[in-house]
Amino acid sequence: MDIIDRRPNPHGKNLENRRRVLQRARSAVQTAVRDAVARGKIREVGQGNAISVPADALHEPSLHRVFSEGTREIVLTGNREFSRGDRLQRPPGGGGGQGSGAGQAGEQGGGEDSFRFVLSRDEFLDLFFDDLELPDLLKREISTTENGVPARSGLSNEGAPSHLDLGRTMRRSIARRLGLGRPKPAELLEVEERIAALEALRPASPEELEELEGLRERRGMLRQRLARIPWVDPVDLRFRRYTIMPQPATRAVMFCIMDVSGSMTERMKDLAKQFFLLLHVFLERRYKKVEIVFIRHAESAEEVDEDTFFHDPRTGGTIVSSALELMRTIQRERFPSANWNIYVAQASDGDNASSDTTRTASLLRDDILPAVQYYAYIEITGSGAVIRGETDLWRSYRAIADENDHLAIRQVGDRKEIFPVFRDLFSRQRDTAEA
Amino acid sequence: MDQIISGGGTPARSGGLLYSGNDWNFQTIRDCYDAIEEIAHGELGLETYTNRVEIITSEQMLDVYTAHGMPVGYKHWSFGKRFIGHENAYRRGLMGLAYEVVINSDPCISYLMEENSATMQALVIAHAAFGHNHFFRNNRLFREWTDPSDILDYLEFARGYIARCEERHGQRAVERVLDAAHALQNQGVNRHSGARKLDLKAEQQRAKERRAYEDSIFNDLWRTLPTEAGGADGAAEGGDARRLLGLPEENLLYFLEKNAPRLAPWEREIIRIVRMIAQYFYPQPQVKMMNEGCATWVHVYIMRRLHELGRIDDAAYLEVIHSTSNVINQPGFDMGGGASFNPYALGYAMMTDIVRICTEPTAEDRAWFPDIAGNGDAIGTLRHAWAEYRDESFIQQFLSPRVIRDFRMFRLSDDTAQPYLLVDAIHDEAGYREIRRSLARVYDPGTFYTEIEIVDVDLLGDRTLKLEHRTRAGQLLQARDARQTLDYLAALWGYGVVLNEVDDQTGAVLATHTAGPAQ
Numbered sequence: 001m002d003i004i005d006r007r008p009n010p011h012g013k014n015l016e017n018r019r020r021v022l023q024r025a026r027s028a029v030q031t032a033v034r035d036a037v038a039r040g041k042i043r044e045v046g047q048g049n050a051i052s053v054p055a056d057a058l059h060e061p062s063l064h065r066v067f068s069e070g071t072r073e074i075v076l077t078g079n080r081e082f083s084r085g086d087r088l089q090r091p092p093g094g095g096g097g098q099g100s101g102a103g104q105a106g107e108q109g110g111g112e113d114s115f116r117f118v119l120s121r122d123e124f125l126d127l128f129f130d131d132l133e134l135p136d137l138l139k140r141e142i143s144t145t146e147n148g149v150p151a152r153s154g155l156s157n158e159g160a161p162s163h164l165d166l167g168r169t170m171r172r173s174i175a176r177r178l179g180l181g182r183p184k185p186a187e188l189l190e191v192e193e194r195i196a197a198l199e200a201l202r203p204a205s206p207e208e209l210e211e212l213e214g215l216r217e218r219r220g221m222l223r224q225r226l227a228r229i230p231w232v233d234p235v236d237l238r239f240r241r242y243t244i245m246p247q248p249a250t251r252a253v254m255f256c257i258m259d260v261s262g263s264m265t266e267r268m269k270d271l272a273k274q275f276f277l278l279l280h281v282f283l284e285r286r287y288k289k290v291e292i293v294f295i296r297h298a299e300s301a302e303e304v305d306e307d308t309f310f311h312d313p314r315t316g317g318t319i320v321s322s323a324l325e326l327m328r329t330i331q332r333e334r335f336p337s338a339n340w341n342i343y344v345a346q347a348s349d350g351d352n353a354s355s356d357t358t359r360t361a362s363l364l365r366d367d368i369l370p371a372v373q374y375y376a377y378i379e380i381t382g383s384g385a386v387i388r389g390e391t392d393l394w395r396s397y398r399a400i401a402d403e404n405d406h407l408a409i410r411q412v413g414d415r416k417e418i419f420p421v422f423r424d425l426f427s428r429q430r431d432t433a434e435a
Numbered sequence: 001m002d003q004i005i006s007g008g009g010t011p012a013r014s015g016g017l018l019y020s021g022n023d024w025n026f027q028t029i030r031d032c033y034d035a036i037e038e039i040a041h042g043e044l045g046l047e048t049y050t051n052r053v054e055i056i057t058s059e060q061m062l063d064v065y066t067a068h069g070m071p072v073g074y075k076h077w078s079f080g081k082r083f084i085g086h087e088n089a090y091r092r093g094l095m096g097l098a099y100e101v102v103i104n105s106d107p108c109i110s111y112l113m114e115e116n117s118a119t120m121q122a123l124v125i126a127h128a129a130f131g132h133n134h135f136f137r138n139n140r141l142f143r144e145w146t147d148p149s150d151i152l153d154y155l156e157f158a159r160g161y162i163a164r165c166e167e168r169h170g171q172r173a174v175e176r177v178l179d180a181a182h183a184l185q186n187q188g189v190n191r192h193s194g195a196r197k198l199d200l201k202a203e204q205q206r207a208k209e210r211r212a213y214e215d216s217i218f219n220d221l222w223r224t225l226p227t228e229a230g231g232a233d234g235a236a237e238g239g240d241a242r243r244l245l246g247l248p249e250e251n252l253l254y255f256l257e258k259n260a261p262r263l264a265p266w267e268r269e270i271i272r273i274v275r276m277i278a279q280y281f282y283p284q285p286q287v288k289m290m291n292e293g294c295a296t297w298v299h300v301y302i303m304r305r306l307h308e309l310g311r312i313d314d315a316a317y318l319e320v321i322h323s324t325s326n327v328i329n330q331p332g333f334d335m336g337g338g339a340s341f342n343p344y345a346l347g348y349a350m351m352t353d354i355v356r357i358c359t360e361p362t363a364e365d366r367a368w369f370p371d372i373a374g375n376g377d378a379i380g381t382l383r384h385a386w387a388e389y390r391d392e393s394f395i396q397q398f399l400s401p402r403v404i405r406d407f408r409m410f411r412l413s414d415d416t417a418q419p420y421l422l423v424d425a426i427h428d429e430a431g432y433r434e435i436r437r438s439l440a441r442v443y444d445p446g447t448f449y450t451e452i453e454i455v456d457v458d459l460l461g462d463r464t465l466k467l468e469h470r471t472r473a474g475q476l477l478q479a480r481d482a483r484q485t486l487d488y489l490a491a492l493w494g495y496g497v498v499l500n501e502v503d504d505q506t507g508a509v510l511a512t513h514t515a516g517p518a519q
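In order, the protein sequence lines correspond to chains S and G.
Its first residue numbered 1, the first sequence is counted upward by one per residue in full-length UniProt numbering.
Its first residue numbered 1, the second sequence is counted upward by one per residue in full-length UniProt numbering.
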């Protein structure tokens, strides 16, 4: 008998098969993932996600019989009170329970439950943001890079002793010594011992004298070679080489700005929440650390926590510029643009005090846009602020958006539209793909 | 069982304790194995393949489950699906992992989980490495249908072959064939003749020849011409061709491998691989109850003997009793957990009962089992049963009134025309034979395999493949599944497929399923 300890063997034999399942059920999984996101809280999305997909997507059909009518016999155990001839009520649910269930379930088509996955965070987000990309992310990122980190980049012939690659150096040294035929020190020792032994012999026979002569010659040769061919030669040396690579900033801050004035209804806030949530999850995938700042405004702006942000109603007029000013102040104080990637998402019903719109536009154009990575504005339609099909705010933002690529504006009317709009804002740019 | 049953062999020696407490190491396992082997071979006269014991973690056990206990397998999403299913059930605590998994191969591999206590390891060795192993080696079904010496090498070959196909032809193309072949694998076995021996060298050789042939006929000029299918078959006359094609044929995969006109050689090889593996697993469900009963009976016997010989202490023996009684628990029909029979419980009870009949029969036993009652050779009788029966015939032959009473079995007659279920047999004199007959039928392979035959190919017309399912009203194929499976079949066949469900008695067509040719 053999006992084999398999515990150290590689685990996860089925990871590849698991991946294939996800791939197979991709569209179903994607729908499920998006549903999960729609239900979750902003900060929780993407953590420990169990999702269910309908078993249909992974059904394996086969040819098999089902009982639907006629007679059959069933043998069961555990009889306590029945005697022959007893008549039993069929169990409810079309005779489920006692094994006739198979027939019923079969008729309903499949009868399998939904299939539950636990996705890793990466899998989850990958599926969620299948083909989305922040525009020009890389370029802007590198331009805001502060510091670099050393990265391995091959070998070099010179360098600091601490970078010496001992393994490679010795490999080359051995190869060189073998190639040039450097004698082993042990060989010299052996010859020397033999010489000493022969010299000690007196009188020595002529053959021994001859051997002694030969050995002395050999000793000379060995010594010479040993001296000439070094153990480690400078040509053997190999050093690990490092290059300083720019390190993209891995931190991002996301400002959520929302109008909470009386004209924003709960439904509108809910739509805005969906949008903020998507943006947050998206940024989380890209950056190691994402901070969120919630700024709400009516006549004046204030920074609040998430709960207050979404659930605490306020009333009053609307002055958008107050929020932009506050955002700019917070950003200057806490999130210098050299170290942070800055994203702003603003949601509003487009309502603004008419005297403020000009100020808002200039603030946005001259002060904010140059400092941020991306600015997304969504306007929730259905308010009373619409004049000739568009609001004042929308009109002024649109003019700016025409000139600035990283200001994106969209109108949203319904919950269903949130995700398409989001995709639209962040999808990989068509023109670059086609070029 | 109070007295020691004599198997006619040499009783094992007694000795000191093999271990104490829960901890084990490799020496403990080896000592236990040797002590168990002495009893298994000496007292019970078991014949086993060489054993190999492998220690694995629970995570690896999940992998093993997924592949039906096979240590190597090719890649396919359906295994991933199974894996996720097991993983979910395990994580949520719905399913405990088995203490062991054993593979019908030579050498016989038993997997032991590292979390098991020393007692459990000993129990598992007795159960798997001797009980199951003896059954695999001696039962007629396994002897005729599977070739344990080559299966591991064959699986290795299959994995390599399919991986190479994926490289050459792409994962999608391979998956298409595998999906289809998997759907048909229950109709991919030869039921009426044994499997031929696997010969790995020949398999590899054939694979290589297929490749070489494929390369040699590759010709850019012809490649762009529409495929002319059928070849010489097209010219043959109907009846003649049917004979040439070997119709009717119950093994759909075999037929496709040999005759489907549009398949590339590598696709045929993949179909063959699925077919060979299906064939290998074919006997397992037919002897599951006996196999588990045999292993359980053997481990109970061996562990009791170890205790009697002073090799394990009382605490360890209590653990054995506790664990065994969990395994052989049979809940009543209304206790939840489904109404099906626990194969461990039924198998163990019947085997224990055979021992009782052989050693201390009652008058009833003498009337029911005149040829074995009181023959004094309990172990010989069991060994004979393990070798020569499958579940169906074992129940038909050996289910005694005593076991029927112990399980308090009863029979329900379910007639969908009636608004009620009728109890038409219980554990009394009039009911024993009825119950035994019905229970045996549950284990009849004819009831759990759906037999479908290819009866004809329209060779002179559009090459539609005609299949037949002989059944009776009310027992038709699940329609949606049938349609999807036929789509797969049509994809492999390359032309249309028609499946008629025919009444066994009257010959009337009860239902028809069709699938169009693949695009």
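Note that these hints are calculated values from the structure, not bench results.
Certain hints may be false.
Unchecked claim - Ranges of calculated distance between the beta carbons of each label pair, as one might list FRET restraints:
| # | chain 1 | residue 1 | chain 2 | residue 2 | range |
| --- | --- | --- | --- | --- | --- |
| 1 | S | S52 | G | P517 | 54 to 60 angstroms |
| 2 | G | D23 | S | R6 | 31 to 37 angstroms |
| 3 | G | Q171 | S | T358 | 55 to 61 angstroms |
| 4 | S | R80 | G | D503 | 52 to 58 angstroms |
| 5 | G | D23 | S | P8 | 16 to 22 angstroms |
| 6 | G | P517 | S | T265 | 25 to 31 angstroms |
| 7 | G | Q171 | S | R80 | 21 to 27 angstroms |
| 8 | G | E451 | S | R80 | 37 to 43 angstroms |
| 9 | G | T447 | S | R80 | 56 to 62 angstroms |
| 10 | G | E451 | S | S52 | 33 to 39 angstroms |
| 11 | S | S52 | G | D406 | 40 to 46 angstroms |
| 12 | G | T416 | S | P8 | 30 to 36 angstroms |
| 13 | G | Q171 | S | M245 | 30 to 36 angstroms |
| 14 | S | R6 | G | Q171 | 24 to 30 angstroms |
Yeah, the Cβ is synthetic: ideal placement off N, Cα and C, and Gly gets one too.
Structure-based check of all given hints:
For S/S52 paired with G/P517, a C-beta distance near 36 angstroms fails the hint of 54 to 60 angstroms. Between G/D23 and S/R6 the CB atoms are about 20 angstroms apart, so this pair departs from the stated range of 31 to 37 angstroms. A C-beta distance of roughly 59 angstroms is found between G/Q171 and S/T358, which places it inside the suggested range of 55 to 61 angstroms. Evaluation of the 52 to 58 angstroms hint for S/R80 and G/D503 yields a failure: the beta carbon distance comes to about 40 angstroms.
Distance hint check for G/D23 and S/P8: the Cβ-Cβ separation is about 20 angstroms, which falls inside the suggested range of 16 to 22 angstroms. Distance hint check for G/P517 and S/T265: the Cβ-Cβ separation is about 57 angstroms, which falls outside the suggested range of 25 to 31 angstroms. At roughly 56 angstroms, the beta-carbon separation of G/Q171 and S/R80 lies outside the given 21 to 27 angstroms, and the hint is violated. Taken as a hint, the range 37 to 43 angstroms holds for the pair G/E451 and S/R80, whose Cβ atoms sit roughly 38 angstroms apart.
As the Cβ distance of G/T447 to S/R80 is approximately 28 angstroms, the hint placing it in 56 to 62 angstroms is violated. The hinted window of 33 to 39 angstroms between G/E451 and S/S52 holds, with their beta carbons roughly 36 angstroms apart. At roughly 43 angstroms, the beta-carbon separation of S/S52 and G/D406 lies within the given 40 to 46 angstroms, and the hint holds. Checked against the hint of 30 to 36 angstroms, the pair G/T416 and S/P8 fails, with Cβ atoms roughly 57 angstroms apart.
Hint check: G/Q171 to S/M245, Cβ distance near 35 angstroms, so the stated range 30 to 36 angstroms holds. Checked against the hint of 24 to 30 angstroms, the pair S/R6 and G/Q171 passes, with Cβ atoms roughly 28 angstroms apart.
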